[in-house]
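All chains, please: the whole structure from these sequences, using the hints.
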Amino acid sequence: MQLRSFTFNVSVTDEELKARMAKSVDMVVTTLKLSGFVDQRCQLQLPGTATVRQLKDKLAQNFPGKPPVPVQRVFSGLTLLSDDMQLYEIAQSAPGRVQLVLDMPPPIDPEAFDPATAVPSNRDSQLEAYCANMAALTQLQSGARRALAGDKSPFSSPLAPSDMTCALEMQSHMSAVQGFLQGSYAPKEGDGGVRDGELPLPPLPPAGPLHEVLRPVAMQLDVDWKNSLMMAFFVALCAKFGAFSPTLRAMRLLGIALIFVAKLRPVKYGIKVAYNKLRDLPFITDIIVALLPAPDQVLLQFDEKAYVQKLYGDAGPKFRPEFEQFLAENTKPKDDLIVDDDNADASSSDE
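Under the numbering used here, the first residue of the sequence shown carries the number 1, and numbering increases by one thereafter.
If you are wondering where the hints come from, they were derived from the structure by calculation, not from laboratory data.
Since we're looking at a predicted model, the values are computed, not measured.
A hint or two may mislead.
Straight-line distance between alpha carbons at most 20 Å, and here's what the computed DMTMM-like set of lysine to aspartate or glutamate pairs gives [said to hold, decoys possible]: (1) Lys-58 with Asp-26; (2) Lys-66 with Asp-83; (3) Lys-272 with Asp-296; (4) Lys-277 with Asp-303; (5) Lys-33 with Glu-128; (6) Lys-66 with Asp-109; (7) Lys-23 with Asp-84; (8) Lys-33 with Asp-109; (9) Lys-268 with Asp-224; (10) Lys-272 with Asp-222; (11) Lys-268 with Asp-286; (12) Lys-58 with Glu-89; (13) Lys-268 with Asp-296; (14) Lys-58 with Asp-83; (15) Lys-66 with Asp-39; (16) Lys-58 with Asp-39; (17) Lys-58 with Asp-109; (18) Lys-58 with Asp-84; (19) Lys-277 with Asp-296; (20) Lys-226 with Asp-296; (21) Lys-272 with Asp-286; (22) Lys-305 with Asp-280.
Now the structure itself:
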């Protein structure tokens, strides 16, 4: 790509020059074609007396991605515009709207980025979008480091015919990253069932004939079998060697069944409801909450006020009376807030 610098030689009168300087300049600033994911455009209107530096300030505020001023290079055709050039000089050769090119497509703006609509659905398009954004980030960081180091030559001096523009450097970097990622996603020899360049997933275990029947039953049971069997064995020993009457032995054997019944999901839900109904009776609630797993006991009996006082001590924040009332009203569980959380109970049983 050959880049040449040229100037405009137009003879005008003083009146025409003053009129052009007073007239506003309509501009459309676009980026060189790199990827539809990062290529942007912006329409601006500035007075003819404004400089290119003021144009760059506007681009840093309004252009998608907000590229910093020190790393911007603006072209009119193949001419690199200097910061002290006034816009009416550029508009002399363009009777209508001025077309300008921002050499560096900036990365996407995270504040205005919506993954639901911006991310492509096709795998090849996702790879291209990722590589383009990575190239834009790399170029932005490289230009920012040069600007911070005081090296302003790539942005202010005229381009030589052998110089590469930022967009061409980004295109080269984007192609290198894309080639590397495509090679890493290439299917290996011997892999079966590979589609769209994806590595095969391990096969799922075959579902038995009673899978659809046993799965909801297992979810309702939600039993920690190891812990329950240990408790059942201990109760059986107590019934065998510690019971001195048939009635006491029958009651202890009945406790083995209660151990497994207490692990049922509906029973644990009912225990939580009973705890919230009888939370003002300490002795009874202690017995009720003892039937739940340890994580559920901690969540139900957690005292925010005592925790803060223990954490900070006497020198910590003091609870004002109005805050204590607010805390009591907003931390007391309500009946309608009791949710049968399958994931929470499942994780509790794993503990």
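A quick look at each hint next to the structure:
no.	hint	result
1	Lys-58 with Asp-26	holds, 13 Å
2	Lys-66 with Asp-83	holds, 18 Å
3	Lys-272 with Asp-296	holds, 9 Å
4	Lys-277 with Asp-303	holds, 17 Å
5	Lys-33 with Glu-128	holds, 13 Å
6	Lys-66 with Asp-109	holds, 7 Å
7	Lys-23 with Asp-84	holds, 18 Å
8	Lys-33 with Asp-109	holds, 18 Å
9	Lys-268 with Asp-224	holds, 13 Å
10	Lys-272 with Asp-222	holds, 16 Å
11	Lys-268 with Asp-286	holds, 15 Å
12	Lys-58 with Glu-89	holds, 18 Å
13	Lys-268 with Asp-296	holds, 10 Å
14	Lys-58 with Asp-83	holds, 13 Å
15	Lys-66 with Asp-39	holds, 13 Å
16	Lys-58 with Asp-39	holds, 18 Å
17	Lys-58 with Asp-109	holds, 16 Å
18	Lys-58 with Asp-84	holds, 15 Å
19	Lys-277 with Asp-296	holds, 16 Å
20	Lys-226 with Asp-296	holds, 18 Å
21	Lys-272 with Asp-286	holds, 12 Å
22	Lys-305 with Asp-280	holds, 17 Å
When held up to the earlier numbered hints, the structure conflicts with none and fits them all.
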